[in-house]
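K.L.:
Given chain A's structure and the hints, the job is docking chain B onto it.
If you want the building blocks of each chain, they are given just below.
Number of protein chains: 2
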Amino acid sequence: MSFEQEQTKRQTEINEIIQRYLPKEEGHYKTLMEAMNYSIRAGGKRIRPMLMLETFRLFNGKYIDILHPFMTAIEMIHTYSLVHDDLPALDNDEYRRGRKTTHIEFGEAMAILAGDGLLTLAFETAAGAYDKVDVKALDAPNIYRRIMRAYKVLSMKAGIHGMIGGQVIDIEFVGKSQTKDRLDMMYLLKTGALFEASMMIGAILAGANDEEVSITQSIAGDIGLAFQIKDDILDVTSSDAIIGKPVHSDEKNDKPTYVAIMDLARAKEEVSYVTDRARKAYESLPYKNEFLRELIIKLINRDK
Amino acid sequence: MSFEQEQTKRQTEINEIIQRYLPKEEGHYKTLMEAMNYSIRAGGKRIRPMLMLETFRLFNGKYIDILHPFMTAIEMIHTYSLVHDDLPALDNDEYRRGRKTTHIEFGEAMAILAGDGLLTLAFETAAGAYDKVDVKALDAPNIYRRIMRAYKVLSMKAGIHGMIGGQVIDIEFVGKSQTKDRLDMMYLLKTGALFEASMMIGAILAGANDEEVSITQSIAGDIGLAFQIKDDILDVTSSDAIIGKPVHSDEKNDKPTYVAIMDLARAKEEVSYVTDRARKAYESLPYKNEFLRELIIKLINRDK
Chain A
1 MSFEQEQTKR
11 QTEINEIIQR
21 YLPKEEGHYK
31 TLMEAMNYSI
41 RAGGKRIRPM
51 LMLETFRLFN
61 GKYIDILHPF
71 MTAIEMIHTY
81 SLVHDDLPAL
91 DNDEYRRGRK
101 TTHIEFGEAM
111 AILAGDGLLT
121 LAFETAAGAY
131 DKVDVKALDA
141 PNIYRRIMRA
151 YKVLSMKAGI
161 HGMIGGQVID
171 IEFVGKSQTK
181 DRLDMMYLLK
191 TGALFEASMM
201 IGAILAGAND
211 EEVSITQSIA
221 GDIGLAFQIK
231 DDILDVTSSD
241 AIIGKPVHSD
251 EKNDKPTYVA
261 IMDLARAKEE
271 VSYVTDRARK
281 AYESLPYKNE
291 FLRELIIKLI
301 NRDK
Chain B
1 MSFEQEQTKR
11 QTEINEIIQR
21 YLPKEEGHYK
31 TLMEAMNYSI
41 RAGGKRIRPM
51 LMLETFRLFN
61 GKYIDILHPF
71 MTAIEMIHTY
81 SLVHDDLPAL
91 DNDEYRRGRK
101 TTHIEFGEAM
111 AILAGDGLLT
121 LAFETAAGAY
131 DKVDVKALDA
141 PNIYRRIMRA
151 YKVLSMKAGI
161 HGMIGGQVID
171 IEFVGKSQTK
181 DRLDMMYLLK
191 TGALFEASMM
201 IGAILAGAND
211 EEVSITQSIA
221 GDIGLAFQIK
231 DDILDVTSSD
241 AIIGKPVHSD
251 EKNDKPTYVA
261 IMDLARAKEE
271 VSYVTDRARK
281 AYESLPYKNE
291 FLRELIIKLI
301 NRDK
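So the protein sequences, as listed, match chains A and B.
Per the working numbering, residue 1 is the first one in the first sequence, and the count goes up by one each step.
Per the working numbering, residue 1 is the first one in the second sequence, and the count goes up by one each step.
Pairs count within a copy or across copies, as identical chains cannot be separated in the list.
Under the rule of at most 20 Å between Cα atoms (straight-line distance), these lysine to any residue pairs were calculated in the SDA-like manner:
| no. | residue 1 | residue 2 |
| --- | --- | --- |
| 1 | K30 | M156 |
| 2 | K45 | R57 |
| 3 | K132 | R145 |
| 4 | K30 | M185 |
| 5 | K132 | M156 |
| 6 | K30 | G175 |
| 7 | K62 | M148 |
| 8 | K30 | D181 |
| 9 | K30 | S177 |
| 10 | K288 | E6 |
| 11 | K9 | L299 |
| 12 | K176 | T31 |
| 13 | K30 | F173 |
| 14 | K152 | L22 |
| 15 | K30 | Q178 |
| 16 | K136 | M148 |
| 17 | K132 | R149 |
| 18 | K298 | L234 |
| 19 | K30 | K176 |
| 20 | K45 | M1 |
| 21 | K132 | K152 |
| 22 | K176 | G107 |
| 23 | K30 | I171 |
| 24 | K152 | D131 |
| 25 | K24 | E172 |
| 26 | K255 | E108 |
| 27 | K255 | T31 |
| 28 | K30 | V174 |
| 29 | K132 | N142 |
| 30 | K152 | D65 |
Calculated directly from the structure, the hints in this document are not laboratory data.
Isolated chain A, as found in the complex (with noise of 0.2 Å):
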């Protein structure tokens, strides 16, 4: 199988696993779940979630069924951070992926209450994980350990010292001029935390040390940085019809980018030796996941 074919395999056995989890559409509040599921089925790439479930897989875990619960947390919580960004208050973006954003479709007040809900769904899902432990079994205790540390991980990279934290960067730098630095920090923040919070947690719940578990993270934060540069350099180099959105935004929104503060070469050499620092970090662990390698290097090599 080509490296696209495992992918869409797996994208599919992680939409099967959130499925799931999902809200049934029923009852006198149909259209928050309606809203909700149209969220989180918009048809994203399930990146998150897979880089947790090969992490896990790198460390050979054992225990799949107390991972699946933090897969589906991971990508609501991504999911409700999209539909939160988008409305008019924040990014005011109308298409997503192709498809009309939430508030757009629901309106504001529902898109407000979804992403709540995913919020919330994600935190009561994640929780779920303690129910899917063998109480019985030698290494309960351990089992339960982990859990509590990946949930640590979770809503701490989630909350305003991760991904809220990089949201409110993005807003108080726009229209003023930046540094790397300052912009490395946001993106790290801003994507890299929930990127390190799926590798952390698949190393976490596959029993790594902590030692391995740090290695994911500095892995997880390159991708991320990377991830956001190469976002940039695509907004001015890609056109509409390829990436799904409208390009230019950036300027047109006065954002900061790292194409705004070194031209298009530096930026790309600025990925290159990210990309690198991710590959060495990635070399010095024990174990072997081709797949993961390549995803990696994937993720931050798009051209979309």
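P.N.:
Frame of chain A; chain B shown alone:
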């Protein structure tokens, strides 16, 4: 000490507990922390953590350290729901408790993110309860199980089948004629759900049995229901100065209320009936907490 003095004493105690978990106002996303703290320090009555604490005391709870994170979490969840509810796309309120609402003070984007931040921090804070368990204690496995159960109640009651569900129904009902049953359901979710979570978690963490937890749930649901009917009554009988927000706002917003579907006298009778049911349920419990009993009565018979 009078009941009012007792209540103020507890309010101060609760504020000190919450304070410990609030984010420091520093760093690149200082404004976010300021918006979050502005919202939570707006001087609420801390009814939910107070109900949780007093229910815990009613059942002679032992490990108060485990209760504190949950007391803080429920107030954070209540606060985030107010911040998002006040937004222009929802209730569009400019004042709350006599102060400017968060989006008026910090802008809409920051209010959305501050709400998201509070919700995420609530779950992170509650999960911190696990760290407070003495792993060497004989009853540690028991305490872990209680925390897991409390956590599940918290996320469910805050979520789409709890408070958020109620908020959605509230929006969907605007401008439509209603029946008493449908209003009851909305109130039970919108306000009742967090009251239920508060009392149930207090009971669960204190080690109450299933039947006792279920009785506290029904008492709390009735408090929420009576509280909301009273809110409808106050909206037509009180003045702006007394309740700290504009009266007649329900009528203005075309919101369905008790006084829109029945006359004032009948609505007041309804409050008495629900109050009586809650009182009887409370008296069926084999424990006593005089302050809690008075608190429940005062909550329902409030005049502001």
